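These protein sequence lines map, in sequence, to chains B and D.
Count the first sequence with my numbering and you get residues 1 to 494, in order.
Count the second sequence with my numbering and you get residues 1001 to 1265, in order.
Since the hints were made in silico from the structure, they are not lab data.
Take the hints with a grain of salt, since some may be wrong.
Here are the simulated SDA-like pairs of lysine to any residue, each with C-alpha atoms no more than 25 Å apart in a straight line [unchecked claim]:
1. B:Lys-362 with B:Ile-257
2. D:Lys-1239 with B:Pro-144
3. D:Lys-1212 with D:Gln-1113
4. B:Lys-362 with B:Gly-403
5. D:Lys-1212 with B:Ser-87
6. D:Lys-1212 with B:Gly-403
7. D:Lys-1047 with B:Asn-156
8. D:Lys-1239 with D:Val-1151
9. D:Lys-1188 with B:Ser-88
10. D:Lys-1225 with B:Ser-194
11. B:Lys-98 with D:Leu-1075
12. D:Lys-1188 with B:Pro-144
13. D:Lys-1225 with B:Glu-113
14. D:Lys-1138 with B:Pro-160
15. D:Lys-1177 with B:Pro-160
16. D:Lys-1239 with D:Ala-1142
17. D:Lys-1212 with B:Lys-362
18. B:Lys-102 with D:Lys-1225
19. D:Lys-1212 with B:Pro-480
20. B:Lys-199 with D:Asp-1173
21. B:Lys-449 with D:Lys-1047
Some chain D residues well away from chain B (every beta-carbon gap over 12 Å; in silico) [what the hints assert, rightly or not]:
22. Glu-1091
23. Val-1154
24. Ser-1190
25. Val-1215
All values derive from a computational prediction rather than experimental measurement.
From the three backbone atoms N, C-alpha and C, an ideal C-beta is built for every residue, glycine too.
Chain residues, written in single-letter form:
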Amino acid sequence: MKGVIWRPHILGSLIGAGAIVGIVLVAAEPTKIRVHTPPAAGVVVVDMIPKTLSSETNQDSEPFLAVLPSDPSFMVASAFTPNPAGSSRPTAPIFRSKDGGKTWDLITVVPSEGSTADITEGFSGPARQLHAGILSLPMSSNGPTNYAHLVEDDINVLSPMVIRMPRPDADQPYVATRPDVHPGIVYVGVNDLSVVDGKTATVDVSLDGGMTYAVHRIEVRATDLQDGPSIRPAVSNDGKVYAAFLGWRHFDRRTGIVKADVVVVRDDNQARTSPAFQSLKDTDQKAGKRVAANVTIPWVNDAALGQERIGSTLSLAVDPGDGKKLYIAWGDRVGNGDIYTIHVRVSNDAGETWSADRKTMKNSTAPALAVAKNGVAGLLYQRLETIGGRQKWVTILEQSHDGFLSSSSITLASVAADLPQPNLPYNGDYECLIAVDGEFRGVFSANNKPESGAFPQGVIYQRRTSATSLLDDSGTPVAPSIDPFFFSVPVATN
Amino acid sequence: MRCSSQIVFLSILLSVALLSAGAAAAQPAESAADVIAVGKLEKPSVKTLAGAPCVLRVSSVRKKPSSIALKEGDLMMLVGERAQKCSATGEVRVTGAVLSLGEQVTLQSVEIQPLPVPEATAAPLVTTEGPSMATLSKRLQAAELVVQGRVITVRTPSATAAGGPRRKVSEHDPQWKEAVVQVLETVKGSPHQTVVVRFPGSRDIAYRDVPKFRVGQTSTLLLSKENVVGPLIEAPGEKVFVAPTKTDVLPAAVARQLKQMLGNS
């Protein structure tokens, strides 16, 4: 094959114990990666669908990302991507990159039939030990979800991940890890709907590298049957662990309007003791600081913001260089003609006090916060805009060195929002941003059609395309759909 | 090339026909395989796949999932746990399950058979968008009732039937609907004039592959109470079932062949 560069490629053992390392040759063809517009300096945007799936038209929404701390060129990502071999297959796929995100392949290692519902992941502990929280499929025909923790000691081995502590009736597992200790520590925020007293916001904590988990309820105030779906842990390097959640105080089931508190809890000792998350108290002497009280959240499990559903968006990040500096973003309805508005606030004292809104973004959703080592904060989000008479989903990354008193922004994608898709969420109930050395890396999902102006920073397609169309293996045009995109952007200097 | 609905329908009929014939033409490993391809091994060696994955240069593809790009001239990686050797120097027939997809396809659980193996020279490429024979057989066994029927109404179940009015919510709520089906022909199970099929009306991703129903639809339905947690509340005089997988809703024309097959077993 002309133009092929052959490189040795190390694969781990495929028979488990007694590792035998095999070396095989893998064709690496950088010349076949299609770049539609030259990338802006240092910015990389990659459509993660591999070349061998060029004909796929799945709605690969709600992406997430994990970066291996000991080797940041190695990453794993997830989305609602089904097993290409069929929905009855016993495993679902995740994405893997070994070159810092320039290329991605799909590996079928998640024990869930054909695909998953919610899935997030993170590395912790020994090299390449991957943890995931999933809602596995199939769902029961008339009842609760199937929630499970997964672990794989070496994700490069490509064997199915091991299931730990499955239990029913939980929602939106969200993984955060403390990878620099051994054994690794894993925190999974989850809305445990099996709880009878309505205090459903929960953080499952593993202090032994994912072998066992302790269940910690973090809601202490009365709710109207439950908390909101999103529970977001954030781990500091100084032993603190935080979690944010939306405490549902009143839910009008007829209108779908929720009155909620935006709450942050803290544990100063890695949640090693029980009861955990009691270190931060509010004026009512109860655990959990109310960053914002009695906000109005429209719970709409249908198209509401364009074709996207709304009602659970929330993100929390801690400064790796200052464990007391926190950033939070959530979505609610202000009532100024907005459908959904993101708010961003900052704390400099471990959550004891919070700023007023540093930013508000109207008709936006899926904020994802991260903080780089130099203290620059990143904020990724998607906004529905009308541009040239056409509705578009605009994916934006903002960076700020002063807690979002000011910020710079770049547009990663500006894509047509009128592409019909069968499922919800449309792009995702959340997306992901991580700070890695001198880069912000993240994932978002968007309309994949190659169009002029759709990806202002440039885009690299692995799948086949022409200048204006996706193509299958025979060169026939393929209908556009939602794809997951990886990006990396240099961290701004202070 | 995308698999058309016509190809899906034909692949289902082919599966049923082969199932009816006792599936003698297809070995269990091949019917379960995601990919069947013919080609030559690059750099054959005496090592087993467990020791060193090997690479196949594809000369023809016999079976593959419709969404996967794989054609003559492509390279495919083969890995396996068994003592399968990568030593054949001539053309081989390879079967396996998809493990990973990148610039190329990687198969696991691979079996390599040196040719000559009886090959239908004009055998059509089978793109697997419809159910495999193994899946169809399994669903048929699991079904309590198999009917050909027409959906006459789609309704929202009563609050009682749906489990009560005041419940916790999540984005994965099924938003139950019921399809009232007029039974045209009973293939398996007790005859009914009508049956009710409860299905998730939700567009949530968790139900992406769970069939939904519309008025006027005529299908062959494999019905069960499978994977139901707790009681499936039924109104008086009604029989309520679920059809939770794609294989449980088949073209109407398949009913007669399923009936013949069940009559033969």
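Here is what the structure says about each hint:
no., hint, verdict
1, B:Lys-362 with B:Ile-257, "holds, 18 Å"
2, D:Lys-1239 with B:Pro-144, "holds, 22 Å"
3, D:Lys-1212 with D:Gln-1113, "violated, 42 Å"
4, B:Lys-362 with B:Gly-403, "holds, 19 Å"
5, D:Lys-1212 with B:Ser-87, "holds, 16 Å"
6, D:Lys-1212 with B:Gly-403, "violated, 48 Å"
7, D:Lys-1047 with B:Asn-156, "holds, 21 Å"
8, D:Lys-1239 with D:Val-1151, "holds, 15 Å"
9, D:Lys-1188 with B:Ser-88, "holds, 23 Å"
10, D:Lys-1225 with B:Ser-194, "holds, 23 Å"
11, B:Lys-98 with D:Leu-1075, "holds, 20 Å"
12, D:Lys-1188 with B:Pro-144, "violated, 30 Å"
13, D:Lys-1225 with B:Glu-113, "holds, 19 Å"
14, D:Lys-1138 with B:Pro-160, "holds, 23 Å"
15, D:Lys-1177 with B:Pro-160, "violated, 35 Å"
16, D:Lys-1239 with D:Ala-1142, "holds, 17 Å"
17, D:Lys-1212 with B:Lys-362, "violated, 35 Å"
18, B:Lys-102 with D:Lys-1225, "violated, 47 Å"
19, D:Lys-1212 with B:Pro-480, "holds, 23 Å"
20, B:Lys-199 with D:Asp-1173, "holds, 19 Å"
21, B:Lys-449 with D:Lys-1047, "violated, 44 Å"
22, Glu-1091, "holds, 19 Å"
23, Val-1154, "holds, 17 Å"
24, Ser-1190, "holds, 21 Å"
25, Val-1215, "holds, 19 Å"
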